[in-house]
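Visitor: So you can see what is in the structure, the chains are spelled out below.
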Amino acid sequence: MSTTAATVTIRIPTPLRGFTNEQATVEVQGTTVGEALAKLVEQFPRLKPHLYNEEGRLRSFVNIYLGDEDIRYLQREATPLYPGAELSIVPSVAGGTH
Amino acid sequence: MATTLIDVQLSPEELRRYNRHLILPEVGLEGQKKLKAASVLLVGAGGLGSPLALYLAAAGVGRLGLVDFDVVDETNLQRQVLHGTKDVGRPKLESARDRILDINPHVQVDLYETRLTSENALEIIKEYDLVADGTDNFPTRYLVNDACVLAGKPNVYASIFRFEGQVSVFGTPDGPCYRCLYPEPPPPGLVPSCAEGGVLGILPGLVGTIQATEVIKMILGIGKPLIGRLLLVDALSMQFRTLKVRKNPECPICGEHRTIHALIDYEQFCGLPARNGTSAPAAQPAESQVPEITVQELKARLERGDRPFILDVRKPHEVQIASIGHDLLIPVDDLPERLAELEPYRDREIVVYCRSGARSARATQLLRAVGFRDVKNLKGGILAWSQEIDPSIPQY
Chain H
1 MSTTAATVTI
11 RIPTPLRGFT
21 NEQATVEVQG
31 TTVGEALAKL
41 VEQFPRLKPH
51 LYNEEGRLRS
61 FVNIYLGDED
71 IRYLQREATP
81 LYPGAELSIV
91 PSVAGGTH
Chain A
99 MATTLIDVQL
109 SPEELRRYNR
119 HLILPEVGLE
129 GQKKLKAASV
139 LLVGAGGLGS
149 PLALYLAAAG
159 VGRLGLVDFD
169 VVDETNLQRQ
179 VLHGTKDVGR
189 PKLESARDRI
199 LDINPHVQVD
209 LYETRLTSEN
219 ALEIIKEYDL
229 VADGTDNFPT
239 RYLVNDACVL
249 AGKPNVYASI
259 FRFEGQVSVF
269 GTPDGPCYRC
279 LYPEPPPPGL
289 VPSCAEGGVL
299 GILPGLVGTI
309 QATEVIKMIL
319 GIGKPLIGRL
329 LLVDALSMQF
339 RTLKVRKNPE
349 CPICGEHRTI
359 HALIDYEQFC
369 GLPARNGTSA
379 PAAQPAESQV
389 PEITVQELKA
399 RLERGDRPFI
409 LDVRKPHEVQ
419 IASIGHDLLI
429 PVDDLPERLA
439 ELEPYRDREI
449 VVYCRSGARS
459 ARATQLLRAV
469 GFRDVKNLKG
479 GILAWSQEID
489 PSIPQY
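One line per chain: the protein sequences are H and A, in this order. For the first sequence, counting from 1, position 79 maps to 79 in my numbering; every step adds exactly one. For the second sequence, counting from 1, position 314 maps to 412 in my numbering; every step adds exactly one.
Derived from the structure by calculation, the hints contain no laboratory data. Beta carbons: idealized from backbone N, C-alpha and C, even for Gly. Where hints are given, some of them may not hold.
To spell it out: a stretch of chain H is covered by chain A in this simulated footprint if at least three of its residues, at any positions, have a beta carbon under 8 Å from a beta carbon of chain A; those stretches are [as the list claims (entries may be wrong)]:
(1) 12 to 19
(2) 22 to 35
(3) 62 to 71
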């Protein structure tokens, strides 16, 4: 564990709360986005297939934001974290009509 | 705009009706004429379509197009305030038209009683200034996005699930599109629908009203629309947040080197079996691709005393609403972790059921994938049992 690991909050969206004991936010420690997400799925293993594909890559329909910025436009999973940072998992949702 | 503002006249009755707009400097007479000259296509006349249609009609949008092929049923009334109890059994378009014209007879209502498909989407969309997407499935979401980008029409997008909603404005010339936000759809079955996951009845009212606000702002050209921003609404914590959505230069439909130049097969794109080639019905995860048993067959088996092992994969609170009995209850999402409980029955015939047959199809698929040999999905679930076998079982 690096000494620079920051405590960050990960926001869990409604469709995935069934895998985090209905917790809306989870606090983890990590130096990068990838590390924080790894901690999250370590704590809640049932979440893993919803975030990662079989090759262990983040699924393309699950967007991860650091603050209000998509990590695809930062350094993706290598994006460094800072104390108090807020990560959001924003999955695609289709509901509307019926 | 299809009509120039000089051609637009407001009658004395309309001037009275729109008084509270006319005295707003940001709207005024010119803005009200813009609204009257405008046309908006609403894809879906359900949960999000309800506040959209009600408020856009009341605001004086001159022409509203509605695309829907559904009939009003009782379970719609908890949130689809466009329709009333007296409308149960009527086509949604008919009750929507009646309600809109009751609110504002100055609105022209165009009805399209059809699914939006790759064949008809561009034809329909080109008749409107902008589109408000309130559909309930991924194939239609991508279809609406692509058709709007190809036709050059702004797409005011919203979607909802349980207590949360998303709103954004896609398809403007310099802004991002839905594919910039989500390049690919999730595989079928991984993301539950509102029919499976439920939705707070007020949520489409809250989110659809925000969507309607964005439509009005786009027509009037005022304020700061949600272009390049995704609004997240969480009704439980009552928190509103906006995230940045960037235009993806690599986007296959709105990027610099686009690879999509015409509408595609959206069923196939979303991993679903194509229906009539390119149409886009509601997404049903993998149903009918797994072995099934009908409610009649199961009833006959039970009467003969030839009872299979029955697995209910709904949530415990649903069992309190309605049940046809089970040997074991394991919610579908817990199944991968709780397989050990089923191990003793590995060689038995197992019938899996849920409310409608969708979750149990997923569970059936999963169990077969891990080596359970004789697993069948109860086709149509508890709803079919209520309809065909025992009407005293409540439908929910």
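Visitor: Find the hints from earlier in the document that the structure breaks and name them by number, from lowest to highest.
Guide: 2
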